[in-house]
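J.: Add chain Y to chain H, keeping to what the hints say.
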Amino acid sequence: MKPERKRPSDSEQCRQCAACLDTCVVVAHGGASILSELTGDDQQGAWHCVNCWRCIERCPHGVDIYDVMMRRRRQEPVPPAIEGSIDRICRSGCALRIRDLNALRVMHGLDRLEIIDEETVNRLLAEPE
Amino acid sequence: MKVLVYPGCMVLARFQHYEAASRMLLQQLGYEPVPLNKFSCCGASLLPGATDRWVNISAYTLGLAEQAGADIVTLCGNCTNNFKRVNIDYRERPAVREQIDAALGRVSLGYAGGVRVHHILEILTRRTADLKGLRRRTYNTRVAITQPCQVYRPETITGGSGGAPSPEAFRRLLEGLGIELVSYPLEAACCGATALLFDESLAIEQGRQKLASARAHGADVLCAACGNCLYLLDRQQARVRGDQREPRMPVISVSELVAGLLDEAYATPFLSSGIP
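Protein chains in written order, with our numbering: chain H, 1244 to 1372; chain Y, 256 to 531.
Just chain H, same shape as in the assembly (with noise of 0.2 Å):
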């Protein structure tokens, strides 16, 4: 039976069984190990996972490694390129520069839409009073 999700206050359920490592493609190339980030010894490598999520459905104990690496995430400096994406989606509500899209749009036959506007997402990500 599938191990139940579990929220870890950190990686404690984590047994460094390394079950992770042989899933994920990151490790393969010779990249950061989600293992290091689970138990803490690595500060650089949440980042860098191309979130396919394999290694949560390898974990033999039910790690939430969404969960680890997302906290992790918010810890460790982020990558320049992912910087530039974050702050885009923050400024415009879309991760991608998109010119003429609603030309784009009717050239295919599809309806014309508006981008959620810079004032709508700064009180969506407001701090809560």
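Please note: incorrect hints may appear among the correct ones.
A short, non-exhaustive set of chain H residues, derived as facing chain Y with CB atoms under 10 Å [claimed, not checked]: (1) 1284; (2) 1289; (3) 1314; (4) 1336; (5) 1348; (6) 1362; (7) 1370.
By construction, these hints were calculated from the structure, which means they are not laboratory data. Glycine included, C-beta positions come from ideal geometry on N, C-alpha and C.
T.: Showing chain Y alone in chain H's frame:
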């Protein structure tokens, strides 16, 4: 049933034909697409790593869908995963629910947690028999699938009440529609597209291995179900193929491949590549 077709940033920007084919199929199957009045990113794979308030951005689209009385149909793995995750957290984590309610309240919107989220693949796989009845032609070509990781994993997020969609269901959909499938060892391997953001060489190598493996096992065409897979394997294919000794491999979304069986116009770009 009303559906809000959510393209996601990548499909919105670069794969309008994927959205158009998806809408056509949904209409043919009796769904009623409603307008998306304001598009906003789902949070992508990036925002959750920057702030725990990313759920508010995702919930904005869920709120718009609920206001329209519609389910959401996604075209990308990451969007699917994010919306389903937010739905679960909204129901199970009171602090998240409180945060979302407050944020949506600031923009005069609400959400009660009632919107179901389906990747287009889930709809098409459930309605294979109906699609078979609508089919007007066949292809004389061998198709390989590149499986969309985040549509399937983690199962605790993607499963929902109807059970998780599966790679096997994707295969059964195409086979059920008379498409000749080829198997290859890297069918379920991550395409590597997300790595373009932090390690281009890793992404290109992942894509190269996948295309080479599909080609070596006899594929004429690669079929994807995610905007990010399409971006790496189609738009970045010149880089992925490297020395260019191999011919370009057409990469097509599942919606275009299936829509082309109903109406040739949807498969024109793919057919014009010389594949019969």
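J.: Would you check whether residue 1284(H) satisfies its interface hint, that is, whether its CB is within less than 10 Å of any CB in chain Y?
T.: violated (19 Å)
J.: Do the numbers back the hint for residue 1348(H), that is, is its least Cβ distance to chain Y under 10 Å?
T.: holds (6 Å)
J.: Given residue 1362(H) as an interface hint, is the shortest Cβ-Cβ distance to chain Y below 10 Å?
T.: holds (9 Å)
J.: Close enough to count: is the Cβ of residue 1314(H) nearer than 10 Å to one in chain Y?
T.: Check passed: Cβ of residue 1314(H) comes within 9 Å of chain Y, closer than 10 Å.
J.: Given residue 1289(H) as an interface hint, is its Cβ closer than 10 Å to any Cβ of chain Y?
T.: holds (7 Å)
J.: Min Cβ distance, residue 1370(H) to chain Y: is it shorter than 10 Å?
T.: Holds, about 8 Å.
J.: Given residue 1336(H) as an interface hint, is its Cβ closer than 10 Å to any Cβ of chain Y?
T.: Interface hint status for residue 1336(H): holds (4 Å vs cutoff 10 Å).
Violated hint: 1 only; the structure is consistent with all others.
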